[in-house]
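Asks: Taken in order, these protein sequences are the chains called A and B. Counted the way the numbering used here counts, the first sequence spans residues 1 to 657. Counted the way the numbering used here counts, the second sequence spans residues 1 to 120.
Rather than coming from a laboratory, the hints here were simulated on the basis of the structure. Bear in mind the structure is a predicted one, so any value in this text is a computation, not a measurement. Treat the hints with care, since some could be wrong.
Said to hold, decoys possible - Derived pair list, reagent style EDC-like, types lysine to aspartate or glutamate, alpha-carbon separation capped at 20 Å:
no.	chain 1	residue 1	chain 2	residue 2
1	A	K164	A	D147
2	A	K59	A	E104
3	B	K94	A	D435
4	B	K94	A	E106
5	B	K94	A	E406
6	A	K434	A	D402
7	A	K434	B	E52
8	B	K94	A	E54
9	B	K94	A	D402
10	A	K15	A	D58
Said to hold, decoys possible - Cβ-Cβ distance ranges computed for the label pairs, FRET-style:
no.	chain 1	residue 1	chain 2	residue 2	range
11	B	P96	A	E124	51 to 59 Å
12	A	K95	B	R98	54 to 62 Å
13	A	R432	B	L80	34 to 42 Å
14	B	Q87	A	S378	30 to 38 Å
15	B	K88	A	R410	21 to 29 Å
16	B	F36	A	V210	25 to 33 Å
17	A	T167	B	A91	43 to 51 Å
18	A	D396	B	F36	20 to 28 Å
Backbone N, C-alpha and C fix where the C-beta goes; we use that ideal spot for every residue, glycine too.
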Amino acid sequence: MAPKVPFNASEISEKARRDLLLLLEGVRGKKNLVLEKALAGSLNLLVKFSTLQEYGVDKPFFLENDNVDSSQRNVVFLVRGEKSKTVLEVADQIKRLRRNGSVEHEFTIIWVPRRTMVSDQLLEEAGVLGEASVSEWPLFFVPLADDVLSLELDEAVTDLYLRKDPTSVYLSAKALMLQQQKYGLFPRIIGKGDNSKRLADLLIRMRTEVTAGESSASDGASFLGLTPSSTIDSLIIIDREVDFPTVLLTQLTYEGLIDEVFNITANQTEVDSSVVGGAAPQPGQTASASASMKRKVLIDPKDALYSTLGDSNFSVVGALLNTAARRLQSSTERNQLAAKTTAELRDFVTKLPGYQAEQASLKLHTNLAEEIIKHTRSDIFTRCLEVQQNIMSGADPTTQHDSITELISRDVPLPTILRLLCLESTTNAGMRPKDLETFKRAIIQAYGPQHLLTLSSLEKMSLLSSRAGLVLGTSQAAKPGTVTNYSPLRRNLKLWDDDVNEAKPNDISYVFSGYAPLSVRLVQSIIQKQTLANAIKPPTHPSAAAQANPLAQGLRIFDDVTKYIRGATFDETQTGEEKAVKARSMLNGSHNDAAKTVVVFFLGGVTRAEISALRFVGGRLREVGGEGRGSRVVICSTGIVKGAGLVGSAIETETFG
Amino acid sequence: SNLLLSEALESTDLALALDKLKLASKYLQDTKDLAFHRTQLEDAAKLLRLQETFEKELKMESGAFVGQSVNQTIFSLTRLGHAKRAQKVIAEFKVPERTATWLKLRALVSARHWNEIEEW
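Just chain B, with the same shape it has in the complex:
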């Protein structure tokens, strides 16, 4: 499945990458020890799909979110002022509260939204 994952990483087409990820997680379905690995693969696919929809909704050029990690996505969403969407990602991936707070703070500082920091 690692092989498939690296193939997924190499493929430039998003749909193809998703397929590869699905296949990778399927391979691991039967073994119990690798359950963690599998959930992570599924999370990766989920993240990619989410990022894709964000890009469409916000009418940004492709590649703005895709390829980023969960934390980076939250970071850029907050920075661009889409707090609700960021909240959605946080809930979706069960990001720990401390991490989420750090991200929010850093993002707001880098966007210089001082008012929001004060209000928060």
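Chain A on its own, in the form it takes in the complex:
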């Protein structure tokens, strides 16, 4: 039996697709589909619209637009049922349709990913529960790439840290549990952060629940599902709260910058069509008409060119594009064709479509890169970057205040300013009360009094705080585990790398041109101890490099370092019955250590730069003879985040007047 690969992206999307189509099949005849906007992206990744049409979908509508018409008898709502607001919107629309429509409608509501008691209650109160048939589409992980699975919960950050709403923790646990039931328990769950702890506890409880349910039913067939997996190495859970600064920094990988400049949702980005060239622009059309048009561009992780570009530091993208262009040009050059034999020619012709696709993607990315360069060359961008780099390298943050004040007076978009301020606050365990007050006043004066609410939201998310304990001199000693103390971390984990090599990265610090994301360092301290130890404390003479660095033993770095980071630390092992373990390893063949999967779960979102960094780590692990023994790293998250989104969730949008 071939070994099953856990966390298989295509398998997950295949299952989700089947489930949805089955649900749609359940509704007879043609139907109008009402979608929540947030779901559109994920749906697009999973199912083509033409497939939906084959299953009887006539017209899609957005729930937010409130414009469902009565053209079809059947109306299917496909919405997330976690928030009462969306539930009420659904109820309103059903009522509206019932009022105006001359046709008798059949309503179906498909909750994603589960039906909740609250939603039932709300529908009942609105008096529409009886009208609709309710079902659920258990969509949890949406694969964004082969090694990136996301729950696509856009509001997870706001929910977790601002409203302290644990829904996303529960959904994450559910999603991970489904994987556990299929591939076996995670032999080890290790992680950092209060919410991660909650997630781990939940996972362990769900496991006992499942076991209890099974023993009563005495269903012997599935007991294998709850023994430690032989294909998964461990689950590492990192709470976003542990490492806010990484999100706040401007990402410097190509993919990260596309996200920063143009936004990426569900592998799609919206770019001005003047940049990428509109879809077959008519010569008669005026340039200004198409200039304001937005065009959706698919950022495809399977694209060969993009997969190398996406994770590189932006400074080398230009060179990469250049070499790709040259290679293409030389292989398609005419005079070379003449010299070829017929066999070579046939070979060439079969490759031609591939070349064309590559050419198109090359053109797209060259244009995108040019647009980004325009952005990165701007004065404001450079200033922001300078402030960020100085703060991260451990310079005295007060020296940066002048720059920040100037940026405020120049009316730089608020999220940019907030990112800088929060960055300073989170890396230095708060700001001096006096400075904080000055900045608060400046922000309110520059951006309006409504941001009093923004600021207090940020404080609630502990992104912005004043350094209270400093006067007493007990700030750090007072409460271990409540704040992250960066100065020892910077030293112990080598978070700052002065001689970073962006072109040929030798360390993860390349993704931020110097700063190595704390979250990824933590993961490294668990799965890549040897390399990390050598990076932190280079061996004195080369012969010692072969021997084990004392730092690499056990979990020493992890233990050392977690003292300085806030939030709970945990390390659980899950074991099962001896017999079952044996049976499983027999079933899966004897590939003891090889090709195990390490699952890294980011609770509260992951940045694209971190994904790149983890891929880099994963690549190193795969190398033959490396300490990872060919492990595979899979990144799971509640969603993709970036700094603007993180502070943006706190920003108050209402204004006076």
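Based on these hints, arrange chain B on the given structure of chain A.
Replies: Quick look at chain B alone, frame taken from chain A:
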């Protein structure tokens, strides 16, 4: 008081919004820690009143200034050539000099008052 502030933000009527702000700042009167919060609320009310009078004085349709921040108000006032009024706002809210200079410069440039920049 945050609740009241968001209510104030939602209300379309200016007088009502002012009342809500007053109430919000009253709630905070007794606590010492939130003194900063309170002054900011009072400043917000002051700003709104000031903006209202500007709109009346300059006979502009309502909504021209109301809803803007301090800096934006200074910016639009300078841009429209009401330097004195802008100066008043600067004094009223103790806007730092550097900020004020940046605002003035940007406003004059956007209004293309090159002469005034040269004279200044």
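Asks: Each hint should be assessed against the structure and marked as holding or not.
Replies: Right, here's what the structure says about each hint:
With a CA separation close to 29 Å, the supplied pair A/K164 and A/D147 exceeds the 20 Å bound. A threshold of 20 Å between alpha carbons decides the hint, and for A/K59 with A/E104 the separation of about 18 Å falls inside it, so the pair holds. Annotation: proposed proximity of B/K94 to A/D435 holds, straight-line Cα distance about 16 Å (limit 20 Å). The suggested pairing of B/K94 with A/E106 is violated, with an alpha-carbon distance near 63 Å, which exceeds 20 Å.
About 16 Å separates the Cα atoms of B/K94 and A/E406, which keeps this hinted pair within 20 Å; it holds. Of the supplied pair hints, the one linking A/K434 and A/D402 holds, its CA atoms being roughly 15 Å apart against a limit of 20 Å. For the suggested pair A/K434 and B/E52, the alpha carbons sit about 32 Å apart, so the restraint of at most 20 Å is broken. Restraint check: the Cα-Cα separation between B/K94 and A/E54 comes to about 66 Å, which exceeds 20 Å; the hinted pair is violated.
Annotation: proposed proximity of B/K94 to A/D402 holds, straight-line Cα distance about 18 Å (limit 20 Å). Taking the CA atoms of A/K15 and A/D58, the gap is near 23 Å; set against the 20 Å cutoff, the hint is violated. In this structure, B/P96 and A/E124 meet the distance hint of 51 to 59 Å, their C-beta atoms being roughly 57 Å apart. Distance hint check for A/K95 and B/R98: the Cβ-Cβ separation is about 56 Å, which falls inside the suggested range of 54 to 62 Å.
Restraint check, A/R432 to B/L80: a C-beta distance of roughly 39 Å satisfies the suggested window 34 to 42 Å. Distance hint for B/Q87 and A/S378: a CB-CB separation of about 31 Å, consistent with the stated range 30 to 38 Å. For B/K88 paired with A/R410, a C-beta distance near 23 Å keeps the hint of 21 to 29 Å intact. Distance hint check for B/F36 and A/V210: the Cβ-Cβ separation is about 52 Å, which falls outside the suggested range of 25 to 33 Å.
At about 49 Å, the beta-carbon gap between A/T167 and B/A91 stays in the expected band of 43 to 51 Å. The given range of 20 to 28 Å is respected by A/D396 and B/F36, whose C-beta atoms sit roughly 25 Å from each other.
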